[in-house]
Amino acid sequence: MGLKIVVTVKQVPDTHNLSRDAMKPDGTVNRNALPAIFNPEDLNALEEALKIKETLGATVTAISMGPPKAKDVLKECLYRGADDGILISDRQFAGADTLATSYALKCAVEKIGGFDLILCGRQAIDGDTAQVGPQIAEKLNLNQLTCVSEIIEINDQTVIAKRIVEGGYEIVKSRLPVLITILAGANEPRSPSAKRVMAFKNIDSKVCETSYDEVYVEPDSCDMIGFIKEWNARTIDADPSICGLSGSPTKVKKIEGVVLTTGVAKKVENTQAGIADLVHELIEEHIIG
Amino acid sequence: MTTAGNTASYQNYFTKEHDMLRQAMREFVKKEIIPYVDDWEEAGETPMDLYRKAGELGFLGINYPVEYGGVEGDVFDGIVVSEELCRSGSIGIAASLSIHGVALPPIVAHGTHEQKEKFVRPVIKGKRKAALAVTEPDGGSDVAALKTTAVRDGDHYVVNGSKTFITSGIKAGQFTVAVRTGGEGAHGISLLIVESDSPGFSVSNKLKKMGWWASDTAELFFDNCIVPVENLIGEENKGFYYQMENFQHERLGMAGQTNMISEICLDECLRYVKERKAFGKTLSGFQVTRHKLAEMATLLEASREFTYRIAAKINAGENQVKEISMAKNFACMVSNQVTFEATQIFGGYGFMRGYVVERLYRDNRVMSIGGGTSEIMNEIISRIILNERKVRGV
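Top to bottom, those sequences are chains A and B. Residue numbering for the first sequence follows the working numbering, starting at 1 and increasing by one per position. Residue numbering for the second sequence follows the working numbering, starting at 290 and increasing by one per position.
These are computed hints drawn from the structure, not numbers from a lab. Glycine residues also receive a C-beta, built at the ideal position from the N, C-alpha and C atoms. Each hint should be verified, as a subset may be incorrect.
As the list claims (entries may be wrong) - DMTMM-like mimics (lysine to aspartate or glutamate), calculated; alpha carbons at most 20 angstroms apart, straight line:
{"id": "1", "chain 1": "A", "residue 1": "K51", "chain 2": "B", "residue 2": "E321"}
{"id": "2", "chain 1": "B", "residue 1": "K319", "chain 2": "A", "residue 2": "D14"}
{"id": "3", "chain 1": "B", "residue 1": "K319", "chain 2": "A", "residue 2": "E47"}
{"id": "4", "chain 1": "A", "residue 1": "K53", "chain 2": "A", "residue 2": "D116"}
{"id": "5", "chain 1": "B", "residue 1": "K305", "chain 2": "A", "residue 2": "D204"}
{"id": "6", "chain 1": "B", "residue 1": "K320", "chain 2": "A", "residue 2": "E153"}
{"id": "7", "chain 1": "B", "residue 1": "K414", "chain 2": "A", "residue 2": "D14"}
{"id": "8", "chain 1": "A", "residue 1": "K201", "chain 2": "B", "residue 2": "D308"}
{"id": "9", "chain 1": "B", "residue 1": "K581", "chain 2": "B", "residue 2": "E647"}
{"id": "10", "chain 1": "B", "residue 1": "K566", "chain 2": "B", "residue 2": "D556"}
{"id": "11", "chain 1": "B", "residue 1": "K342", "chain 2": "A", "residue 2": "E47"}
{"id": "12", "chain 1": "B", "residue 1": "K414", "chain 2": "B", "residue 2": "E356"}
{"id": "13", "chain 1": "A", "residue 1": "K206", "chain 2": "A", "residue 2": "D237"}
{"id": "14", "chain 1": "A", "residue 1": "K201", "chain 2": "B", "residue 2": "E361"}
{"id": "15", "chain 1": "A", "residue 1": "K69", "chain 2": "B", "residue 2": "D308"}
{"id": "16", "chain 1": "B", "residue 1": "K342", "chain 2": "A", "residue 2": "E188"}
{"id": "17", "chain 1": "A", "residue 1": "K53", "chain 2": "B", "residue 2": "E345"}
Said to hold, decoys possible - The following residues of chain A were derived to be distant from chain B, with all beta-carbon distances above 12 angstroms:
{"id": "18", "residue": "T15"}
{"id": "19", "residue": "V197"}
{"id": "20", "residue": "L260"}
Bound-form chain A, shown alone:
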């Protein structure tokens, strides 16, 4: 049947198109003022999964934690080729930082079980922490390959990937199962398919308390799933004391918009000495070198 791949996706406010009322007076993000979009690097993660599905054969399950509205990104996963979508949604998850989020996602992935590969976008554009992927891997005691720009080779046993590291890259090999976080440039995500849009446009989410295997139908065609599964804290056996706000040591005190401006302008003489002075100064200030 090929590999079993889980892709984590997140619905985020579109921080690239900030409007004047993007922030509330209390310093928190005004989510109503910003359109909700598919986190860009998660699209790259999904695309990697779909590429593997095409070459090796795989089932691709997209999971997302968020409010009921977040099912929109799961629908989009289905439009683009995912086989299944699971929404992790519960009031108890509200206010989660990366630690509590990765805990809930870890519980969900455990419930899915039997996976070979977890693909995550490197980071979400709303928090830019890049922590959730690695934390899920730690909690599941999995190998992790972060900041991957290319999956060079994969079979049902191992994966060889290119990681971008400071000042260069490294080629690494890991046994499966493994968690990989994908960078934006890794691929060009495909467009949604009209066929799949028409097949899934009316799909709704449904709270299900049954075990994953009971509702899981082997994927083959567009009409294999009837709904997006909605799992709450109880479904995934999550301990409420480490979920959501109560499981989050990080509290956001305030968010500010900072506009970076140049401080001092300086004219450099177009002579050997002038340039040497500048280079010397840049090294002194630890800007280069």
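Mind docking chain B on chain A? Use the hints.
Here is chain B on its own, set in the frame of chain A:
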């Protein structure tokens, strides 16, 4: 007034589900078409690879039978796809991805199972292009007078004659060809599917056109061309009527595309007048510009609403032959004015290649000629209203 203001209801033509398809199509156009529009326009053709990609994603199969690889949808799903294709700013590209919409319907409606497997499935999958061949060098609008003949000889037809102005003529792998199998007039016409590798079939060089550059147009020649009898669509001598059945959808499609030409031109102008300065202020600072824009917007709004209204009736299964002929003509009247004024607002730039309004000014001209000329539309409309008046005793 019988309804209070806040209880007034109106009809939305597009639902949230249509919007999802629109979003998908828009993404496809943005990624796969817009970066290459200028190149393809200059090259005079749209690559097969684009057609293949659109087919793989299902955009070519909306409203075709699911059992032959199509996707179920309604009239407005078709409009969504067509409108977003036009947003590329090249009607030639839009045409080259939608021309199968006039070639396949007779096969879907009257063809055999084998014909649909062979000539519908691969086309909507993006594997081969299909074109319609009706117009001849000696006659366009006068379809009933066409001269290309098909004479039955055992298990095949021998076809002789020629066709011209055939959209996708160079790239198509199959043609739905109107031929004369019987006596004179509309009663002697049949539709044959002719494959491009048939013995005795040949294609001219690309015809050079005023607009629609990214769409390849050609002349077709049939010189004792051999076509198997199993390629006859439906019954012999019924071709003219099969062809007529699809006019309504073809004209709806053209009215929609024509409205998009106006919309894109208006959008381009709204952006440009805020940037371009003359005599110390932006163009939008001049009353003459603002009023021009107001008139363009008003005409477009009326035309679009009219077209959508008729689309909704067609969607509900009503016969709208008269109304859709009116809508096509009205959309063309509007676009003729809007493209002219848009070019005027852009001034010298509007006359320069590389500007969208320049291209659309050219691409627009054929909208009043193809798919039934404005004059033919008026003939249809007048015939129907004269008859209606007679029925009502006026």
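How the hints compare with the structure:
Between A/K51 and B/E321, the direct Cα distance comes to roughly 18 angstroms. Compliance with the 20 angstroms bound is thereby established for this hinted pair. This hinted pair checks out: B/K319 and A/D14 have alpha carbons roughly 19 angstroms apart, not beyond 20 angstroms. Distance hint between B/K319 and A/E47 is fulfilled; the C-alpha atoms sit about 18 angstroms from each other, no more than 20 angstroms. At most 20 angstroms may separate the alpha-carbon atoms for a hinted pair to count; A/K53 and A/D116 meet this at roughly 12 angstroms.
The suggested pairing of B/K305 with A/D204 holds, with an alpha-carbon distance near 13 angstroms, which does not exceed 20 angstroms. Straight-line distance between C-alpha atoms of B/K320 and A/E153 comes to about 27 angstroms, which puts the hinted pair past the 20 angstroms bound. A hinted pair counts as satisfied when its Cα atoms are at most 20 angstroms apart, and B/K414 with A/D14 does not qualify at roughly 35 angstroms. Of the pairs offered as hints, the one joining A/K201 and B/D308 holds, with about 10 angstroms between alpha carbons and a cut-off of 20 angstroms not exceeded.
Between B/K581 and B/E647, the direct Cα distance comes to roughly 18 angstroms. Compliance with the 20 angstroms bound is thereby established for this hinted pair. Taken as a hint, the B/K566 and B/D556 pair is honoured in the structure, with Cα atoms around 18 angstroms apart against an allowance of 20 angstroms. A hinted pair counts as satisfied when its Cα atoms are at most 20 angstroms apart, and B/K342 with A/E47 qualifies at roughly 16 angstroms. Note on B/K414 and B/E356: the hinted pairing holds, with a Cα-Cα distance of about 13 angstroms set against a maximum of 20 angstroms.
The hinted pair formed by A/K206 and A/D237 meets the criterion: a straight-line CA distance of about 18 angstroms does not exceed 20 angstroms. As the CA atoms of A/K201 and B/E361 are separated by approximately 12 angstroms, the hinted pair is consistent with the 20 angstroms bound. At roughly 17 angstroms between alpha-carbon atoms, A/K69 and B/D308 fall within 20 angstroms of each other, so this suggested pair holds. Only pairs whose Cα atoms come within 20 angstroms are accepted, and B/K342 paired with A/E188 is accepted, the gap being roughly 14 angstroms.
For the hint pairing A/K53 with B/E345, the CA-to-CA distance comes to about 16 angstroms; that is within 20 angstroms, so the pair holds. The claim that A/T15 lies off the interface holds: its Cβ sits roughly 20 angstroms from the closest Cβ of chain B, which is beyond the 12 angstroms cut-off. Distance to chain B contradicts A/V197 as a non-interface residue, since its nearest Cβ pair spans about 5 angstroms, not more than 12 angstroms. A cut-off of 12 angstroms between C-beta atoms confirms that A/L260 is not in contact with chain B; the least separation is 28 angstroms.
Taken one by one, the earlier hints fail for this structure at numbers 6, 7 and 19, listed in ascending order.
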